[in-house]
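Chains as they are written, first to last, in the numbering used here: chain A, 1 to 312; chain B, 1 to 392.
In case anyone wonders, no lab produced these hints; they're calculated from the structure.
Positions of the beta carbon are idealized from the N, C-alpha and C atoms, including for glycine.
Careful: at least some of the hints might be erroneous.
Result set (SDA-like, lysine to any residue): computed pairs, CA atoms no more than 20 Å apart in a straight line [to be verified]:
id	chain 1	residue 1	chain 2	residue 2
1	B	Lys62	B	Thr325
2	B	Lys173	A	Met279
3	B	Lys265	A	Gly72
Stretch-level coverage of chain B by chain A, calculated; a stretch enters the list once three of its residues show a Cβ under 8 Å from a Cβ in chain A [claimed, not checked]:
id	region
4	43 to 56
5	196 to 206
6	229 to 237
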Amino acid sequence: MERSPLFCKRDRPGTGLVELTFFLQQMINGVALGSLYGLIAIGYTMVYGIIRLINFAHGDVMMMGCYFAYFGILMFSLPWWASFVIAMALTAVLGVMMDKGAYVPVRNAPRISALITAIGVSFLLENLGLVVFGGRPKGFPTPEMFSEVYEVAGLMFPALVVWTPLLTLLILSAVLFIIYRTKTGRAMRCISHDMETTRLMGVDVNRIISITFAVGSAAAAAGGIMWAMRYPEINPLMGIIPGFKAFVAAVLGGIGNITGAMLGGLLLGVAEIMLVALMPELAGFRDAVAFGLLILILLFRPTGLMGTKLPD
Amino acid sequence: MKMRHLVVALLVLGLAVSMPAPAFAQAKSETIKIGVFLPMTGGVAAYGQGSWQGIQFAREMKPTILGKKVELVLVDDKSDKIEAANAVTRLVEKEKVVAIIGSSISGNTMAGGPIAEKAGVPVVSPTATNPLVTQGKKYIFRVCFIDPFQGEMAAKYAYETLKKRRAALIIDKAQDYCVGLADFFEKNFTKLGGQIVAKTYCQTGDKDFTAQISAIKAKNPDVLYMPNYYTEVALAMKQAKDLGLNIPVLSGDGAQDKALIDIGKQYVEGLMFTGHFEKEAANTPLAKKFIPAYEKKYGKVGTFDVMGADAYFVLADAIERAKSTEGAKIRAALANTKNFKGISGTMTIGEDGNAIKSLVIVQVRGGDFRYVATVEPAGVAPEPKKAAPKKK
Numbered sequence: 001m002e003r004s005p006l007f008c009k010r011d012r013p014g015t016g017l018v019e020l021t022f023f024l025q026q027m028i029n030g031v032a033l034g035s036l037y038g039l040i041a042i043g044y045t046m047v048y049g050i051i052r053l054i055n056f057a058h059g060d061v062m063m064m065g066c067y068f069a070y071f072g073i074l075m076f077s078l079p080w081w082a083s084f085v086i087a088m089a090l091t092a093v094l095g096v097m098m099d100k101g102a103y104v105p106v107r108n109a110p111r112i113s114a115l116i117t118a119i120g121v122s123f124l125l126e127n128l129g130l131v132v133f134g135g136r137p138k139g140f141p142t143p144e145m146f147s148e149v150y151e152v153a154g155l156m157f158p159a160l161v162v163w164t165p166l167l168t169l170l171i172l173s174a175v176l177f178i179i180y181r182t183k184t185g186r187a188m189r190c191i192s193h194d195m196e197t198t199r200l201m202g203v204d205v206n207r208i209i210s211i212t213f214a215v216g217s218a219a220a221a222a223g224g225i226m227w228a229m230r231y232p233e234i235n236p237l238m239g240i241i242p243g244f245k246a247f248v249a250a251v252l253g254g255i256g257n258i259t260g261a262m263l264g265g266l267l268l269g270v271a272e273i274m275l276v277a278l279m280p281e282l283a284g285f286r287d288a289v290a291f292g293l294l295i296l297i298l299l300f301r302p303t304g305l306m307g308t309k310l311p312d
Numbered sequence: 001m002k003m004r005h006l007v008v009a010l011l012v013l014g015l016a017v018s019m020p021a022p023a024f025a026q027a028k029s030e031t032i033k034i035g036v037f038l039p040m041t042g043g044v045a046a047y048g049q050g051s052w053q054g055i056q057f058a059r060e061m062k063p064t065i066l067g068k069k070v071e072l073v074l075v076d077d078k079s080d081k082i083e084a085a086n087a088v089t090r091l092v093e094k095e096k097v098v099a100i101i102g103s104s105i106s107g108n109t110m111a112g113g114p115i116a117e118k119a120g121v122p123v124v125s126p127t128a129t130n131p132l133v134t135q136g137k138k139y140i141f142r143v144c145f146i147d148p149f150q151g152e153m154a155a156k157y158a159y160e161t162l163k164k165r166r167a168a169l170i171i172d173k174a175q176d177y178c179v180g181l182a183d184f185f186e187k188n189f190t191k192l193g194g195q196i197v198a199k200t201y202c203q204t205g206d207k208d209f210t211a212q213i214s215a216i217k218a219k220n221p222d223v224l225y226m227p228n229y230y231t232e233v234a235l236a237m238k239q240a241k242d243l244g245l246n247i248p249v250l251s252g253d254g255a256q257d258k259a260l261i262d263i264g265k266q267y268v269e270g271l272m273f274t275g276h277f278e279k280e281a282a283n284t285p286l287a288k289k290f291i292p293a294y295e296k297k298y299g300k301v302g303t304f305d306v307m308g309a310d311a312y313f314v315l316a317d318a319i320e321r322a323k324s325t326e327g328a329k330i331r332a333a334l335a336n337t338k339n340f341k342g343i344s345g346t347m348t349i350g351e352d353g354n355a356i357k358s359l360v361i362v363q364v365r366g367g368d369f370r371y372v373a374t375v376e377p378a379g380v381a382p383e384p385k386k387a388a389p390k391k392k
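Pulled out of the complex, with its shape left as it was, chain A reads as follows (with noise of 0.2 Å):
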């Protein structure tokens, strides 16, 4: 068959319309993913700031919010919105569970219990999700305004890829305003500063830390609830990737640092689109992206993009 002219522009290294789409569309896709990213690192960066806890059962919360979500659409048959809303609910509680049953009894122990703890509760998190749900993967249900397409000037933008920034960017102002602008954000920042002379201060220091874990996980919820319509495929191991991904994307933007979770996430995605765009022959290597960026950060700017110095 002949080559079509578009074809043969797109084969001419250089220039011309076709690239400039090609280009904006691998953006598009790779905002769309660093988005999803930035959103689950934000309840990630989060609980770390405040109470210095890497929560390594973080992806796990959020594979269980999938879950809950799933259910409640096809179990009680609820409108989206509704069993939307009802398992983050429900993954607050859960965080607020996993603080009360794992993290309470060693939060005065060296931090090293604390993150062997935390790893712990992914296991736990992950095999109790195998017994239950069984390992065979489902698909979720996405409501038909998220399965919408729009087309602009030949670029494509799945309804998701335009909402999934917003909500990102909806949570993350929540989630600041909380922090900045609320008696108990000021309790958080204190716990996070000095949780011993926090305590002195006559602040119910468990009470607050709860509230992390349930606004830190009601957050994983949402970016997993995002994840879920936009690759619809749910197990009970889904939550590793992300989880190390939000990792990276809150290291990446300097960890505590709720909005350098969220510029980290947009980096880390658009980092990886870009090299199976422009090296397909490396796709494989997408997951080392993360990681080799991981790694020069902590060569060249140990406390992230955003980062300030961290107190000893």
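Given the coordinates of chain A, assemble chain B onto it according to the supplied hints.
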């Protein structure tokens, strides 16, 4: 105090109940132990779950071999090559099984197979289709066709029936299966006169294929060959439609699980693939007995369920013909399997332990798998020596 007594009583009872079990197992060699290693969790869990269900049902239909009860020992290989090797080691060394069924995918069977080969324990894989799985192996067999046949038929179908000339590929580099299939497709499609305009790669477990699809779209192909596993196929097809790539998609037998439709919903409509089995085309006596009974119990019969059951039946048949549970004798009997009428069709184990049998072309229509055509292996019977893929 009463509570404590109760607990003690329960413990003693528990002990009493659990005691005879191991004693039983040791006392009699009245059972035949068959090991099974399958992906029950992880990326391709649906295959393993389906096959396991099929194997168990096949055992219910044929619970004894040589007058002895069959005991199945399942180990999960977690869709992972390293776990697969561990699983086989455990089956051979700890469980001392007489033969093994597994695994669902080529990579895992290739990881586990050599361990059983060394120990002289025959392995029958239900659905590992890569030629290298059995090549040069004496103890490894399969009840499915191999990839050169599958890839060639897909290329022929795309070129001759669909009249497509510009194909694009998405290849899962982590799977020997996908790399092999894409290779055979490419060879045959270009030999027929077609052109491969885009070759992109992914990795098992990837969720996002937008970069690959945007790159493919820029090359303007008229057919997409994506011989990956069901999750990747479903997600990629959704994203293809989202990004406005509306061309026919072809895939391999890895697409044929109901999870594909469960995940892909309306987006996988129209997908065509080369498969092992489709209900409408199954007409052996065993199929007529198995399918209705199975559907009565589980609802729907899946391809991987059937292939698992076929592996069990072929193995059972071989052990009976061997009149022994010795590895070498079972091996010889397996290698001599001729015109065995399984559920998925009539198979003869040929050179290199491969089953020679027909394949079906299946399409997703109306949210279900629909039979399109049967392709006989006559004339295209895979000759393993010639059709061996180049190792990547």
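Violations among the numbered hints: Structure breaks no hint.
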